[in-house]
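K.L.:
One-letter residues, chain by chain:
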Amino acid sequence: MTGLRYVYAVCRPFGTPLQAQLTGVGGDPPRLLPHHDLVAVVSHVPEADFAEEPLRAHLEDLDWLTAVARAHQGVIDALTTVTTPLPLRLGTVFRDDSGVRTMIEAREESFRRTLDRLEGRVEWGVKVYVESGPEERAPAPPAPRPASGRDYLRQRRTASRAQDDLWRRAENFATRLHETLSECAEDSRIHAPQNPALSGASGRNVLNAAYLVPRTQSEEFVERVDRTKDGEPGIRVELTGPWAAYSFAGEETSGEEER
Amino acid sequence: MTTPSRLPEPYGQGGGANLADILERVLDKGVVIAGDIRINLLDIELLTIKLRLVVASVDKAKEMGIDWWESDPALSSRARSDELAKENAELRERLARLEALEPRRAQEEAP
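Chains as they are written, first to last, in our numbering: chain A, 1459 to 1717; chain B, 69 to 179.
Since the hints were derived computationally from the structure, they do not count as laboratory data. Some hints here could point you the wrong way.
[Unchecked claim] Selected chain B positions facing chain A (Cβ under 10 Å, derived; list incomplete): (1) Ile90; (2) Asp96; (3) Lys97; (4) Ile101; (5) Ala157.
Think of the CB as a built atom: it goes at the ideal place given N, C-alpha and C, for glycine as much as any other residue.
Working from the sequences, and respecting the hints, build out all of it.
P.N.:
Listed below in structure tokens is the structure:
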């Protein structure tokens, strides 16, 4: 049994070798599979885990999925330090090397186009959070005991007005931030806000955006984000990256049919 | 780490990026290619939704007092052990009843 081929990315050939100790999905080191002027980065993975049935079952297992997702991202990350990879979606698996070559052959043109478009660029993730409202924030300042029903309602109104105010400020802040950052990025995408249960982040995620930035301008971009960081009380800005250009890897002209 | 071009130090990566950051990229973004092993993309999309629901809802559901799965042996190990405890108690009781009968038989059989 030679195993299946798990494909992480397609790139142009690159001179710098990958870190020797780098392991990919299932512990197998990523290998380079050249075809014409492109290179697929692949790992050999066992059929017992990556054939259709077991893969489907594994994907339901959050621990397994997390390990594979981190391994996948680890390889893409290593590639990003030496070249501009075109990341494929998790779980792209072929029977053998020739299956991978056939796939490249069929999509050569579009791979080249996208690689040219992304060459020398990275993705930065920027998220804006609104910290929990005053009433959720522990420990609440001991509010004076309402003397009457009217007092109580007044207190409630003040609290909810403060929260509304924070929301409005956060919305304006996020809009302005996105405009500013879009100016120094080549492209941007707004993603769905993250669920705190999965991200483990505190506060509510109100902006989750990705920016495509040339490597040479990344420092400036990061400084720009940093400068906004302590402007607004109750609002938190988080920066992640540099990522491979995951959010910009899709074809601009969609609708390409497969086989 | 040596990087070919000047690039700021990674922010929040190398294990620091949260799981949602990684999953949203490796599952939802990137180039979609149908490999030889077919997993429907719909599955993966459904999966992320399902994951979000599962992670988000267990605690919330408990808060709301919805805990039926805790008593379903197929879904909960606690329910399984409860069931074992119940079965155990029943067996003990039967054994006690049998033992109560036993002395009489022992007396009868005694030479």
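K.L.:
Using 10 Å as the Cβ threshold, decide whether Ile90 (chain B) counts as touching chain A.
P.N.:
5 Å, holds
K.L.:
Does Ile101 (chain B) pass the interface hint, meaning its C-beta sits closer than 10 Å to a C-beta of chain A?
P.N.:
5 Å, holds
K.L.:
If you take the shortest Cβ to Cβ gap from Lys97 (chain B) to chain A, is it below 10 Å?
P.N.:
4 Å, holds
K.L.:
Verify the interface restraint on Ala157 (chain B): the C-beta must sit less than 10 Å from at least one C-beta of chain A.
P.N.:
35 Å, violated
K.L.:
Would you settle whether the hint for Asp96 (chain B) is holds or violated, based on the nearest Cβ-Cβ distance to chain A being less than 10 Å?
P.N.:
8 Å, holds
In this structure, only the earlier hint numbered 5 is contradicted, and the remaining ones agree with it.
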